[in-house]
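Asker: Protein sequence lines correspond, in order, to chains A and B.
Just so we're aligned, residue 1 is where the first sequence starts under our numbering, counting upward by one.
Just so we're aligned, residue 1001 is where the second sequence starts under our numbering, counting upward by one.
Be careful, since some hints might not be right.
[To be verified] Reference listing, derived: stretches of chain A covered by chain B, where coverage requires no fewer than 3 residues with Cβ under 8 Å from a Cβ of chain B: (1) 247 to 256; (2) 297 to 306.
[Unchecked claim] Okay, derived cross-link-like pairs now, DSBU-like style, lysine-lysine, Cα gap no bigger than 30 Å in a straight line: (3) A/K235 <-> B/K1541; (4) B/K1410 <-> B/K1541; (5) B/K1505 <-> A/K339; (6) B/K1410 <-> A/K318; (7) B/K1781 <-> A/K339; (8) B/K1505 <-> A/K186; (9) B/K1441 <-> B/K1414; (10) B/K1414 <-> A/K182; (11) B/K1410 <-> A/K345; (12) B/K1505 <-> A/K310; (13) A/K276 <-> B/K1505; (14) B/K1453 <-> B/K1441; (15) B/K1541 <-> B/K1786; (16) B/K1453 <-> B/K1541; (17) B/K1087 <-> A/K310; (18) B/K1493 <-> A/K344; (19) A/K345 <-> B/K1781; (20) B/K1780 <-> A/K314; (21) B/K1764 <-> A/K344.
[What the hints assert, rightly or not] Between beta-carbon pairs, the in silico distance windows are: (22) B/G1459 <-> A/V250: 53 to 61 Å; (23) A/A78 <-> B/E1800: 19 to 27 Å; (24) A/A78 <-> B/I1714: 55 to 63 Å; (25) B/S1461 <-> A/L231: 53 to 61 Å; (26) A/A248 <-> B/S1461: 53 to 61 Å; (27) B/K1764 <-> A/V90: 16 to 24 Å.
Don't read these hints as lab results, they were simulated from the structure.
Note that CB positions come from ideal geometry on N, CA and C, so glycine has one too.
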Amino acid sequence: MRLLKSSISTKDASGPATLLPQDPEDMWHAYNLLQPTDLLRAKAIRRITSTSDSGATSSQRMALDLTISITSTDFDIAAGQLHVSGTVAVENDFVRLGAFHTLDLELNRAFTVEKSGGWDSVALEVLREACDAERRAELWAVVMGEGVANICVITEHQTILRQRVEVAVPRKRRGGVDGHDKGVEKFFATALATLLRYLDLGGTKVESEAREDRTVPLLLASPGFTAQSFLQYVKGEATRTNNKPLMALVPSVLVAHSSSPHLHSLSEVLASPALKARLSDTKYARETSLMDKFMALLRADDGRAWYGPKEVHKAVDKGAVGRGGGVLLISNGLFRAQKVAERKKWVALVERVREEGGEVRVLSSLHESGKRLENLGNVAAILTFPLEDLDEEEESEDTGEADEGGDMVI
Amino acid sequence: MPPKSGFQRAKTVAYEDDDGYSDDEYYEDEPGGDALADISAEQMRLGTIKVKEALSSTIQPSDAEIQEALWHYYFDVGKSVTYLKNKLEPTRSEAPAQTKKPKATSRFDQAAKVANTTVKNAPGKQIPSLSPFARTQRPLHRYPCSYSPIVLDSSFSSAEYFFWDTPWCNVPPSRLGEITIQPRYPRGGLLGGSSKPSKLAALAAARKKKQEEAKQKPNTNDTKSNIETDQAVALLDKLNVKGKDDSSPSAQHSDSKDPKMNKISQRKYPNRKNSNIPLSLEPEVEEAAGAEPSPALDLPDLRSDPSDFASILCATHNTETERHGPEDFPLTYNSFRGFNPDPFAKPSPDDIVLRAQGKSAIGKTAKNSQPKNANGDSLSQSVSKLSVEESPQTPKVKSKNLNVVEEFEKSNMKRMANFVVIGHVDHGKSTLMGRLLYDLKVVDQRSIDKLRKEAETIGKSSFALAWVMDQTSEERSRGVTVDIATNYFETDKTRFTILDAPGHKDFIPNMIAGASQADFAVLVIDAGTNSFESGLKGQTKEHALLVRSLGVQRLIVAINKMDTVSWSQSRFEEITNQMTAFLTTASFSPKTITFIPCAGLTGENVARKVEDTNAAWYHGETLIQALDSSEPAKRNIEKPLRLTIGDVFRGGILNPVSISGRIDAGSLQAGDTILCMPSAETATVKSLEVENEPVDWAVAGQIATLHLADIDPIHLRLGDIVCTPQSPVKLVKSFGCKILAFEHVMPMGVDVFRGRLQAEGKVKELGALLGKASGEVVKKKPRIVKPGEVARVVVELERELPLEAGVRVVLREGGNTVAAGLIEG
């Protein structure tokens, strides 16, 4: 994303900023940036219906510059498209005030944003991150097991599941061994074909030039030997079909161990020492290790790790998330709250922690680490000093309904 | 008459455009050459032939006369013929018709003719006079009556005489025809498959049809009437397209031909057009049947009927055209090879056959052809009959309607037991089981020798016994069991099913699948120094906890590799004590645990008593005896059917879809209709197998193989539940369960295991901590559940799954078993 023009005043952080999205990922940033009640100005094509004096109607499609006051946003992860709906906020010859319009933000087409309540620190942070010109890491990963492969792409801010391949592999049976081998072969063939379709190795000329500086690393992870076998298969296929781009890819393939063929074991894969060394500088690796640290503290159960909105608010109130190791982990999903007040609340929390000298980490809700945080209620904190029973008052609110005493489970 | 169809018009235009030369240009060029150029000479020669043919029977002008006439008429055969006729036999009535005909030639035909045949090198002046309107004005029926029936039997020989010097003339016309017609039939396969199988299918269908005819007379009438209606429709279609015929060159060419052939050709054209379209849509069988040059058809008659038309085109005309597409047209010098300006003008071989069939069907002359034509009908009829009579109510497999519960009680079957063999990796589970099977003569000496030899060749001779269980190439090359191996053996009292589980950490999902089918477990422990200790930290512990939480009560601890510690009693007791302590904390009852020292590789104390003097201290039972003394588990035969699919495979040619799995509850018999969840697809049980033996029924506790019908294997996935349609399993998106935590449990993503089922999910909510013994709520909404604690949690699944109350699940995360749970209602 390029910041074409910024008129954000330093005094009250108000004013518009004009942005030019260039990457599909920029849509994700835009999604995080745009809030209900913000003003968005972009090119749009709208069908204008006019009624002549005689009552005949005619309609035509016109390209207009529309300014809308956002009511809702809709982000299509797989396609990387952002649809912003809202009411027209600036009248023109063709569209009356208050008319509804949905703007589809497009790549390489500038749009202008004006935050309704001025640019808060989180918004500015998003803006800064979005306009970070540094070339971003991208990693393709295949998390697989026997008969299942999840092909996903990990970018700086998102983990996108591109395709899930499922092929029934017969289990080994007495006398039916080749059924299993055939099944595995078929599975590998399907997985490779699907992967190649997404990787686009041959690529268009432009694309391959753009990627020439670094080949996109490919990560294969699986429990057992599936990933190794798959790599062997890929090598074999590359040689057999004399597929040069594929052969070039083989050396850059990383094989890792995951405990399950499911996507959420990616976090475990990314935390493995072998990968950490290679991916240490990337945001997702940082996020993952941070979450791991939090989990470790939580397991230690020494009262220094708390999760959940209420507990974290309380901990911040008590000044436990401050200078000297206090970390607030917050999912950016919270800042996308449809209610402005809700967002304000979280922004205020972030700002307070910053004031107190604590560290704030905004985790992308599209990464595995973000998903783990989401399970914990989207927000968690590592405290500087132990606090016990942050959840106690809460308990008193509960009625003691769950007293149905069952047999011991185990 | 309707104007030309858009298609034809477009075609005409395309032809005119594509050929770089327009008619006019051509004509301008033509008369320019005073001396006969090569082309002109050729034209002259061909023209002469044509004229001769046209006149051959009645008038015999000299070549010189013909050539002169042609020269004067700029190679216009028609005019020349007229001229000659007038000159030599002025009384002929068809002469005016002859002159009239060329006028009617369409622009397209003219172009094509000129370009390709050039015999009738029509003067340019003719073309302008031909507006499409004028063309369409001319009624069709004039055709047949406008020509006198000149049957020229001698035409062939005369043609040959004239063509004696051209290479293509000496080829017998019949052969030429064959060469080009032939390829059309195999190409019928373009619509899907070669013509051969469909030929067979067609014959089969024909036979079937006959049989049906024999059975059901009224039906035959139906098919006949069907055929007749088909014919009627075809005729109607013909009428509709007659207009097109007018302009078709076939009509033009057949000027002086016998009307029979002419008629045929006229009828053929529309017939082809209309028959072609349905052909592509109709089932292959019929297509092939239609396209077949069956000897039963009176096709030869049609072919052998030589006509003027045929003689004009030298009998090879249409076939030549088929070979040389319109792409040849611009090359005028190609023309003498007999290019047909309109390749569709002549009936295609398909049409000839179809027509012949139709004819014979109507005339009832050829009996064979009737079922042939009716193939499609009969096939579809028989199919529809089948579906109406049989499909909904009675399945293909007749159920014997046994009362399986009674049968089971009557059968006094031997006790049956499934046991899972568990333990840390490399503790010798597979080898122990291989030894067991070998000693019980389930595996014969020869196979063991073979395995031993194979194992030695890759330098792993000690794996030979394990290879009885480990059969895939991957397992053998890596020396690790990957998946459950199932095997059977029988003692005097009991029939056993072995489920040999993999010990490796990564394959715990497979181990869970095996353990969930087991009645009891054999925990194999390596007695070797350090091996036991490392195992206790690893999968010995995890497996033991897992089988316990999956509901296995009875455990036989086989302390293996005793030979490596020279049957040391102290080692045995040390391990026994440690394991007892551990297992009781894992809530196994000490009464249900048996410890057996043994050596899998040598086979001591497996099936036979140990003879080693060091082991004199041991007087207990052998492994087999211990297995035999185990109490069989209770079966839930009376409950509704529940079967967890453990494998989906192709059971052979006769059984394309087979599943296997343990019947958790209820009973099954061949012919039953089952419901597979979560796909909610029904299937019919074709046949049943238990322990590789076909049976009529199977009951809970057995691991059955079901050969299914009426289902696509895509609806069957590992871990799916098979139940009866009467009492289906409910699908749930989230469930509450009581868990025993093995690791810290907090709200997090987990894998949910239930038998073969492995699903993504997450612990959504920690409800309460429960007292371990009392089950009372100790703490509400805990932040984290520590290992060993019992809690009530809510688990949310990624997709809906068939999970019922009372089902035991295992929650794993990051390669560790986090908790085992029991689903609450």
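Asker: Which numbered conditions among the earlier hints are violated in the structure presented, ordered from lowest to highest?
Answerer: Violated hints (numbers, rising): 1, 3, 4, 5, 6, 10, 11, 12, 16, 17, 18, 22, 24, 25, 26, 27; every other hint is consistent with the structure.
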